[in-house]
Structure formats: structure tokens, C-alpha cells
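Asker: Taken in order, these protein sequences are the chains called H and U. Start counting the first sequence at 175; every next residue gets the next number (our numbering). Start counting the second sequence at 53; every next residue gets the next number (our numbering).
Just so you know, these hints were derived from the structure itself, not from any lab. C-beta: ideal position from N, C-alpha, C; glycine also. Honestly, I wouldn't trust all of these hints.
To be verified - Simulated restraints, written as ranges between beta carbons of each label pair:
#  : chain 1 : residue 1 : chain 2 : residue 2 : range
1  : H       : ASP188    : U       : GLU220    : 38 to 44 Å
2  : H       : ARG196    : U       : THR125    : 20 to 26 Å
3  : H       : GLU207    : U       : GLU193    : 38 to 44 Å
4  : U       : PRO221    : H       : PRO212    : 33 to 39 Å
5  : U       : GLY152    : H       : LYS227    : 20 to 26 Å
6  : H       : LYS227    : U       : GLU101    : 31 to 37 Å
7  : H       : ASP188    : U       : ALA109    : 18 to 24 Å
8  : U       : THR125    : H       : GLU199    : 17 to 23 Å
9  : H       : PRO212    : U       : ALA218    : 31 to 37 Å
10 : H       : ASP188    : U       : ARG251    : 32 to 38 Å
11 : U       : ALA256    : H       : LYS227    : 28 to 34 Å
12 : H       : LYS221    : U       : LYS252    : 20 to 26 Å
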Amino acid sequence: MKQLLEHLAKALVDDPERVEVRQVESEKSIILELRVAPDDMGKVIGKQGRIAKAIRTVINAAAVKESKRVVVEIVQ
Amino acid sequence: MIEYEAVGRNVDEAIEKALSALGIRKDNAIAEVIEEPSQGILGLLGSREAKVRVRPARQAGAYLADYLEKTITFMNIKGKIEIQEDDEKLEADIYGEDVGALIGRRGRTISELQYLLNVITRRQFSNLNKMVILDVENYREKREITLTQLARNVARKVNNEGHVQALEPMTPQERRIIHIALQDYPGVKTYSEGEEPYRKVVIAPC
Numbered sequence: 175m176k177q178l179l180e181h182l183a184k185a186l187v188d189d190p191e192r193v194e195v196r197q198v199e200s201e202k203s204i205i206l207e208l209r210v211a212p213d214d215m216g217k218v219i220g221k222q223g224r225i226a227k228a229i230r231t232v233i234n235a236a237a238v239k240e241s242k243r244v245v246v247e248i249v250q
Numbered sequence: 053m054i055e056y057e058a059v060g061r062n063v064d065e066a067i068e069k070a071l072s073a074l075g076i077r078k079d080n081a082i083a084e085v086i087e088e089p090s091q092g093i094l095g096l097l098g099s100r101e102a103k104v105r106v107r108p109a110r111q112a113g114a115y116l117a118d119y120l121e122k123t124i125t126f127m128n129i130k131g132k133i134e135i136q137e138d139d140e141k142l143e144a145d146i147y148g149e150d151v152g153a154l155i156g157r158r159g160r161t162i163s164e165l166q167y168l169l170n171v172i173t174r175r176q177f178s179n180l181n182k183m184v185i186l187d188v189e190n191y192r193e194k195r196e197i198t199l200t201q202l203a204r205n206v207a208r209k210v211n212n213e214g215h216v217q218a219l220e221p222m223t224p225q226e227r228r229i230i231h232i233a234l235q236d237y238p239g240v241k242t243y244s245e246g247e248e249p250y251r252k253v254v255i256a257p258c
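Isolated chain U (complex conformation):
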């Protein structure tokens, strides 16, 4: 576990220094005072700075699980949360029977909640160098399959009829899935047009 020792004129100042070095907030930290500051005699002889040792009370994954659990409870939704973490992402998956409200129309709720969780987790752990990903009942995986199929169907149509086709507005992640699905598809090219949140992918003959 990462620990950090810091000194300061008083205990609070030393703790602040350690917190900023660790990139965590006070609510997520355990601080231990190693040495109380002392004035010394006449503020000269034997004066000593405060010394503290600070470590994170929990890791970002545990924080995220706990925060999300409370969030869905306040939303009156029952679900089980699983956390998976690797070098690139911190992923929370929610499973349950009535979790559909967390997805929303065209995945709007899941993507907005994911955005909030990114902002919130990063506020607590400013050193977090990975994306927070939220998934609900494997929605993202299912959506990826659906979008890939859609992309191929429309590409076939563009090839047959020779006309440009625009898809419905999508989030940046979803547009990326379409671009990747068709990057090696013969006879068509893809690009995005329009402004967020109405930006959409266009499939054109080439």
C-alpha cells in the first residue's frame, strides 16, 4: 500500500501536503501523527515540525462500488455491482432485474451516469489515470453487436444502391464502433457530421 510522509508547521499543514502528494481527499485517507510540532524554548531551541504519515483508506474501485451502490439505492433500484479493474479502465457492472431505468432511451442515462462517475471518482482520486466505465446487464456488449450488424447492413445497401446513408445520432463511443466495423469494408467510407448531441455517422460509396 502506498504511504506518504510529510512535514509541516502544524499537523493540518503536513496532512494537506501528504494528501496532495497522494492525490486523494481527506474522506478517503487515514492519517497518523508521527511527531507533534513543538515550539521549543523561546521558539528557537528544539523547535520541531509536525510529521504525519498518510495512506488511502480505500482504493478507487472500492470507493466507486460504494458510491454507486448508494446511488442506485436512492434511485430505488435493486442491483448487484461488480468491479473490474485493469491498466486502462475501472469498470463497474450492474446486474439486476429492474435495472433498465439505468440504461435509458438509446443509452442516454448510462452514458450520463458514467460521465458523472468519472468526474466524481476523479475528484476523490486525482491521480486516477484510467477511464471509469459503467455497464448495465452487458448493455454495452449487446449494443456493440447490434451496431456492428447495423453498420454492415447499411454498408451493403450503400454498395447496392450507390446512395449516401446517414445513421441516427449516436454518442462518440457508438460512432466509433460503426467506424471500426466498416474500416475494412470494401466499397464504402464513413465519416461523422453534425453537432453533438445530434452528430451522426454517414456511410458513403467510395
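Only chain H is shown next, with the shape it has when bound in the complex:
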């Protein structure tokens, strides 16, 4: 899950080396915290969150096989 998010984010940003994903797992859910360079924030969010929404849809599709809820958080 973490690798999938890194793979998507790295292809969207100008500075792939600064893409970082931290996975926080609890009993019921997995939280994926995505960090990118400040200048790349817009590239992973998109106009009106269009790109972030698409990323979440793809991650959720991959999460169907997991029994946990997967949440993507884009953090500063």
C-alpha cells in the first residue's frame, strides 16, 4: 500500500526524492501520511483536489483486499 502511494506520488512531483510515505497502522485502519516538497503540494492535490481524489480512489481499490480501512493524508 505504501509502495503504491509512493509510486503514484513520485510520478506526479518535480522532486521525487522528497516523496515520503509513513504508514500508521491501528486495529481498524491504516493511515498513509504522504509528504512531498512544499512546491510539489499542488501537484499531488490538483485543482479542487481532483488529483488527491483520484489517488484515494486507486488506493481504496487496492485496499479492498485488506480488511482495514485505508486513509491517505497529505501532510505539510
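Put chain U on the given structure of chain H with help from the hints.
Answerer: Just chain U now, kept in the frame of chain H:
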């Protein structure tokens, strides 16, 4: 194969110029230095600019196939990817047994993934002047047949009963299929109403 030669004060600058002229990113390019820059004597006599030749390491189709292959592998999905390209579109088709997750409810996943692939491929190849289309197990073709049948059934009902009928929310591509299916259908007209993502087609008597 398209190549581009550029000059600059140093090698990096020359490469940057060639990349932007070709509309590709560095990871997808092969650069060759033709001439190293030289300062000349006292920076005057015989000073020379750097000269490079750059060409794409692979075409957009090969990039897309490779990127998508990795994407579905990370999703734990096994599938075979085929690429078809013409003047208008670059299409990737995925075939396999457990590829249903890539389609999603009412095709939501396939359309969002297609959107991401468009953004990503265009970032690598900014000169790409065609749509990236994603299909999974011929879903789009099957969906088109289903939607065309649905449109005709509802149109017949509107003709018989004389009442306006609204269909369920659909993506712009799907609404387009409905409009086209009924454009010459006698006795009805179609239009869309509502805001995305809940925008839907209405079939009305005319």
C-alpha cells in the same frame, strides 16, 4: 527517432534546453555530449559552448505500459497489459482474472485511474497530443452496449407514457454515449442536469 541538438554555457544547460524542446523529462532521455565546453585562453580566445544531442529513451506507449505494470503489481493484481496507439489516443488494455477491482463500482476506479495516467504520462511527455485511455477486460465496450440499450428502453418508455425520465448519475463519457444513442431517436430529446459528480442525463418528450 527524434533527436535534438542544443548548445549551452555548460553541459547541464544544453541538456535542459534539449529536454524542453523535446518535451520530455530527464528520466526518459538519453543525452550524449558532442562537445565539452572550454574556457579558452583568458576566457576570450577559443572559448566554446557545450553541445549535446538528446533523444527520448522510450516512447510514451512504452512508458505507460511499464508504469501501469508497476501500478497493478503494487495493487496485488495480476494482469496482462496491451498498448494500442493511433493519432488520437494512446490506449492501455488490461486483461486478467482478478482485474475487477480496477473497474470499481460503476467504473469509478477505472475512470479515476485513467485520469491519473493522463496527468502522469503528460508530465513525462509534455508534447503528447492524445488522450490516454484505459480499458479493463473490454469494460468500456460492454458498458457502451449496456448504456445504448438502456437509453433506447427509457426512450421507448418516455414515448409511451409522455413523462420526463432522469437516468442515474454518470461520467461525462457515459452521458455522451446516451446523447449519441438518442440523437436521432424520434419523439425524445436529451439533456444533462445537476453538478458533477452527480450530473445525469434527462430524457424528455419533444
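Asker: Now tell me, hint by hint, if it's right for this structure.
Answerer: So, going through the hints one by one against the coordinates:
| no. | hint | verdict |
| --- | --- | --- |
| 1 | ASP188(H) - GLU220(U): 38 to 44 Å | holds, 40 Å |
| 2 | ARG196(H) - THR125(U): 20 to 26 Å | holds, 22 Å |
| 3 | GLU207(H) - GLU193(U): 38 to 44 Å | holds, 40 Å |
| 4 | PRO221(U) - PRO212(H): 33 to 39 Å | holds, 36 Å |
| 5 | GLY152(U) - LYS227(H): 20 to 26 Å | holds, 21 Å |
| 6 | LYS227(H) - GLU101(U): 31 to 37 Å | violated, 46 Å |
| 7 | ASP188(H) - ALA109(U): 18 to 24 Å | holds, 19 Å |
| 8 | THR125(U) - GLU199(H): 17 to 23 Å | holds, 22 Å |
| 9 | PRO212(H) - ALA218(U): 31 to 37 Å | violated, 45 Å |
| 10 | ASP188(H) - ARG251(U): 32 to 38 Å | holds, 33 Å |
| 11 | ALA256(U) - LYS227(H): 28 to 34 Å | holds, 32 Å |
| 12 | LYS221(H) - LYS252(U): 20 to 26 Å | holds, 23 Å |
In this structure, the hints that do not hold are numbers 6 and 9, in rising order.
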